[in-house]
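Asker: If you want the building blocks of each chain, they are given just below.
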Amino acid sequence: MEQLEEWYEEVEESLNEISQADPLFDVDTTKKRLSAIFQKVHKAIALVFQMLPEITEVLPHTDQKAFTQALEDMAGIASVLTKNMAPAFECIAEGGSLQNVLEITEQTLETLYQVARHVYEQQHYEEASGLFCLLSLLNPAYTSFWLGLGNAEYCLGKYTEALLAYSFAAQTDNANPFCHIYCARCHMALNNRDGAKIALSLAESVADEPISKKEISRLKEEIR
Amino acid sequence: MTTPIGPQQPSAHSPEEKKTEKSAPSLPEELGHPSAAPHAHLPLALLLGKERIPPEAQKLGTQIAAQLVVFVLTHKK
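Quick mapping for you: the protein sequence lines, in order, are chains A and B.
Under the working numbering, the first residue of the first sequence carries the number 7, and numbering increases by one thereafter.
Under the working numbering, the first residue of the second sequence carries the number 139, and numbering increases by one thereafter.
Errors might be hidden in some of the hints.
What the hints assert, rightly or not - Here are the simulated DSBU-like cross-link-like pairs (lysine-lysine), alpha carbons at most 30 Å apart as the crow flies: (1) A:K71 / A:K37; (2) A:K49 / B:K188; (3) B:K188 / A:K37; (4) A:K38 / A:K71.
Unchecked claim - Covered stretches of chain B, as calculated for chain A (at least 3 residues, CB under 8 Å): (5) 178–184; (6) 197–208.
If you are wondering where the hints come from, they were derived from the structure by calculation, not from laboratory data.
Ideal placement from N, C-alpha and C gives every residue a C-beta, glycine not left out.
All chains, please: the whole structure from these sequences, using the hints.
Answerer: In C-alpha cells:
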C-alpha cells in the first residue's frame with residue numbers, strides 16, 4: 007500500500023530512536039504490527055461510511071449529516087496537522103490527547119463510541135477492533151474504549167491482544183472488577199492458570215456487586 | 139464504574155462460525171467518564187504491543203500514535 011509506505015518513512019526515524027532506548031525493541035516486528043493496526047483501522051472507517059444509513063436508523067440520536075460532518079472535520083483538521091505536525095505532536099507527547107488536538111467534542115466522541123458499539127454488536131469484530139483502537143488512540147483515558155477493544159479481540163480468538171487491551175482498561179480503572187475478570191478469562195484461554203488466579207485475586211479485591219462476585223466464583227471453580 | 143456483561147467464551151472463531159453466536163457480548167451503554175489515572179503512555183503501549191514501555195521511548199512513541207491517527211483520518215477514503 008503506497009500510502010502506508012509513505013507513513014512508514016515518516017515514523018521510521020522515530021522507531022529507530024525507540025530502538026536505541028530499548029534494546030529489546032524490534033523495529034521490524036513493530037512495523038508489521040503497525041501495518042496490521044493501520045489496515046484494521048482503515049477498513050473499519052470504510053465500513054462505518056458504508057453502514058451510515060443503517061447506523062442512523064438503529065441509533066436514532068445519531069444525526070447522519072452531523073456524524074458525516076464530524077468525520078469530515080476530523081479528516082480536515084488531520085490534514086492541516088499533517089502539514090504542521092511538530093506543535094501538535096509536542097502537545098501530545100507532553101500528555102495532551104489527540105481528541106483535544108483534533109478538537110473533537112465529547113459529544114462526537116460519544117457518538118463515535120455508539121457507532122463502534124453498534125459495529126461490535128453486529129459481530130463485525132475485526133472492524134469493531136479497528137474502531138475501538140482508533141478511539142483508544144484519540145483518548146486513552148476512557149475505560150470503555152479499552153474494554154471494547156478487548157472484547158472485540160476476544161471474540162476474534164486473539165487472546166493475547168485481548169489481554170493487552172484489558173490490562174490497559176485496568177490501568178485506567180483499577181477498581182473495575184470486570185477489567186480483571188476479563189484478564190482472567192484471557193489467561194484461561196491461553197492456559198495460564200497462574201495468571202488467571204492473580205487476575206481473579208485482583209478482581210476479588212475490588213468486587214462489590216453481586217454480578218461480579220458471582221462471575222469470580224464461577225471462574226474460580228472453573229480453574230480449580 | 140462500568141459493569142458490562144463481558145464476553146462469554148466464544149464457541150468458534152472463524153468468520154462463518156462467529157455469525158452463529160446467539161448472544162453478542164455486551165459493552166457499557168454509556169461511554170462513561172475519562173479516567174484520572176495516568177494514561178499518556180497507553181497509545182504507545184498499544185502500538186508496540188507491550189504492557190510496559192521504557193520512559194525514554196514514551197515521547198517518541200506517543201508521536202507515532204498521533205501520526206497513525208492523523209494519517210488514517212487524512213486518508214480515510
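Asker: Could you run down the list of hints and mark each one as holding or not?
Answerer: Checked hints:
1. With a CA separation close to 36 Å, the supplied pair K71 of chain A and K37 of chain A exceeds the 30 Å bound.
2. A threshold of 30 Å between alpha carbons decides the hint, and for K49 of chain A with K188 of chain B the separation of about 24 Å falls inside it, so the pair holds.
3. About 14 Å separates the Cα atoms of K188 of chain B and K37 of chain A, which keeps this hinted pair within 30 Å; it holds.
4. The straight-line distance between the Cα atoms of K38 of chain A and K71 of chain A is roughly 36 Å, outside the 30 Å bound, and the hint therefore fails.
5. Counting residues of the segment 178–184 of chain B whose beta-carbon sits less than 8 Å from any beta-carbon of chain A gives 5, enough to reach three: the coverage restraint holds.
6. With 12 residues having a Cβ less than 8 Å from any Cβ of chain A, the segment 197–208 of chain B passes the three-residue criterion, so the hint holds.
When held up to the earlier numbered hints, the structure conflicts with 1, 4 and fits the remainder.
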